[in-house]
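Those protein sequence lines, which keep their order, are chains A and B. Quick note on our numbering: the first sequence kicks off at 1 and runs consecutively. Quick note on our numbering: the second sequence kicks off at 1001 and runs consecutively.
Among the hints, a few may not be true.
[As the list claims (entries may be wrong)] Pairwise CB distance ranges, derived in the manner of DEER restraints:
(1) 1054(B) <-> 93(A): 21 to 29 Å
(2) 1007(B) <-> 167(A): 50 to 58 Å
(3) 194(A) <-> 1007(B): 43 to 51 Å
(4) 231(A) <-> 1074(B): 31 to 39 Å
(5) 230(A) <-> 1141(B): 30 to 38 Å
(6) 1124(B) <-> 149(A): 54 to 62 Å
[Stated by the list, open to error] SDA-like, lysine to any residue: derived pairs with alpha carbons at most 25 Å apart:
(7) 1089(B) <-> 121(A)
(8) 1089(B) <-> 198(A)
(9) 121(A) <-> 1144(B)
(10) 1069(B) <-> 195(A)
(11) 1069(B) <-> 121(A)
(12) 1069(B) <-> 245(A)
(13) 1069(B) <-> 212(A)
(14) 1069(B) <-> 1125(B)
Calculated directly from the structure, the hints in this document are not laboratory data. The C-beta atom is built at its ideal place from N, Cα and C for all residues, glycine as well.
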Amino acid sequence: WFSGLIPEDDTALSTTMAAYGVPPALGVAPEMMEEISTGTTIMACQYDGGVVLGADSRTSTGTYVANRASDKITMVTDNVWMCRSGSAADTQNVCAYVKNLTEEHNMQRRGDLDPGMADVKLVANLTMQLAYKNKDKLSAGMIIGGWDATLGAQVYGIPLGGSMQRVPFTVGGSGSAYIYGWCDNTWRENMTREEAEGWVARAISLAIARDASSGGVVRLVTIHSKGSSRQMLEPKHQSLCESELPVIPRKVGGVVG
Amino acid sequence: YHVEQIGMERDSPLDVKTVARISNQINYQNKSANHGAGLGAYMIIGGWDSNNGSQVFSCTAGGNMIATKWTTDGSGSTYIWGFMDNGFKENMTREECEEFVTAAITLAMSTDSSSGGCVRLNTVNADGIHRKLVKPDELVPVYGELATTTRHGHVGSSGGMML
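Sequences and hints are given; from them, build the entire structure.
Written out as structure tokens, the structure is:
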């Protein structure tokens, strides 16, 4: 099926097809197209009784936004979720491996006790082992957050390189640089659930305002002893930063004039 | 040098915008210096003049100059864009503004390895330039930082050796 696709003459199309196997897309030369990456802002924090995980929703391929509503917070088990940043392919596959390994481990060791739940530390350790042992191949920064009966609310940061550290809160991704100062300044131990969700949402909004690779909606996942719940905050609900332009509402079915 | 020359010709202190423009033109006209990397002299010009009051100009990479209400620059600035976006308010008092700037620089010093030491503030208003030094032990401690050590007994007289 492939043989008819590469033209015989010496055009840009034929050169590109021969070299890369794909046609030049979107008016951009293939060498400019980067691997799909979640240039991103992710974070997680402990509050009094649980954890809140937050992320933006932009997946970029170079300057093109491949997905403006992506979900970077993935469920590993009912009570443990993972925030993903870095290469989209790497993190999706690491997460799939971790889910599988956790289920196997629990089948053998926990039996019928709390099906669908896992120790947060187990998930974090499995992720860390995968990240460390494949550190030369992977470009994946992850944050594991969850609640279990053994140690309660926990957040583990697993950045590039495969180290693991339990922390009260952490930020990750390209947009995180812009909010280190703000998070250090406003963090408090033992916030309530509403305070923690508001804090995380505000931090992600500030990062989206300054980082070109972060954008879209703010997604939050809250995990506590009774379960987990997801939220999406659309851009117009995020509080504006200085000199930020407001979102122009669109008339349904009409043309914005 | 240029500011003094033009100041002599004009017989009055220069506008903030003029000083910023001089700095900006030096950057822009020497874009080819350092094998195309430019001069690398990125400055924030801030001041007060009788024509336009208080102004801030950021003269950034490539010879760009914009009038802004506030700005930050340097390696440590990436960590405080979010903090300053959140905390900047119009029409702050002098004390509020000095506290805001000191807090921002303290946070940046804590995260950036290339920033540290003390905080020097220059407040410019109609009365002139007021310089202030904030030493490390006077700074508000940042989350996760170790406390600065307090020395007991006589500082300096025994060269630090205590029994």
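Taking the beta carbons of residue 230(A) and residue 1141(B), is their distance inside 30 to 38 Å? holds (36 Å)
What's the verdict on residue 1089(B) and residue 198(A), does the C-alpha distance respect the 25 Å limit or exceed it? holds (20 Å)
Between the alpha carbons of residue 1089(B) and residue 121(A), is the straight-line distance 25 Å or under? Violated: residue 1089(B) and residue 121(A) sit about 43 Å apart, past 25 Å.
For the pair supplied as a hint, residue 1069(B) and residue 121(A), is the alpha-carbon distance within the 25 Å limit? Cα-Cα ~47 Å, so violated.
Given the proposed pairing of residue 1069(B) with residue 245(A), does the C-alpha separation stay at or below 25 Å? Roughly 16 Å between the alpha carbons, so the hint for residue 1069(B) and residue 245(A) holds.
Given the hint that residue 1069(B) pairs with residue 1125(B), test it: the Cα-Cα distance must not exceed 25 Å. holds (15 Å)
Given pair status - residue 195(A), residue 1069(B), alpha carbons within 25 Å: violated (30 Å)
Could you say whether the range 21 to 29 Å given as a hint is met by the Cβ separation of residue 1054(B) and residue 93(A)? 54 Å Cβ-Cβ, so the 21 to 29 Å window is violated.
Can the restraint linking residue 1069(B) and residue 212(A) be considered satisfied, given a maximum Cα separation of 25 Å? holds (22 Å)
Could one say that the CB atoms of residue 231(A) and residue 1074(B) fall in the range 31 to 39 Å? This hint holds: roughly 36 Å between Cβ atoms.
Within 50 to 58 Å: is that where the Cβ-Cβ distance between residue 1007(B) and residue 167(A) falls? holds (54 Å)
Using the Cβ atoms, figure out if residue 194(A) sits within 43 to 51 Å of residue 1007(B). violated (57 Å)
In terms of the numbered hints stated before, the structure departs from hints 1, 3, 7, 10 and 11, listed from lowest to highest.
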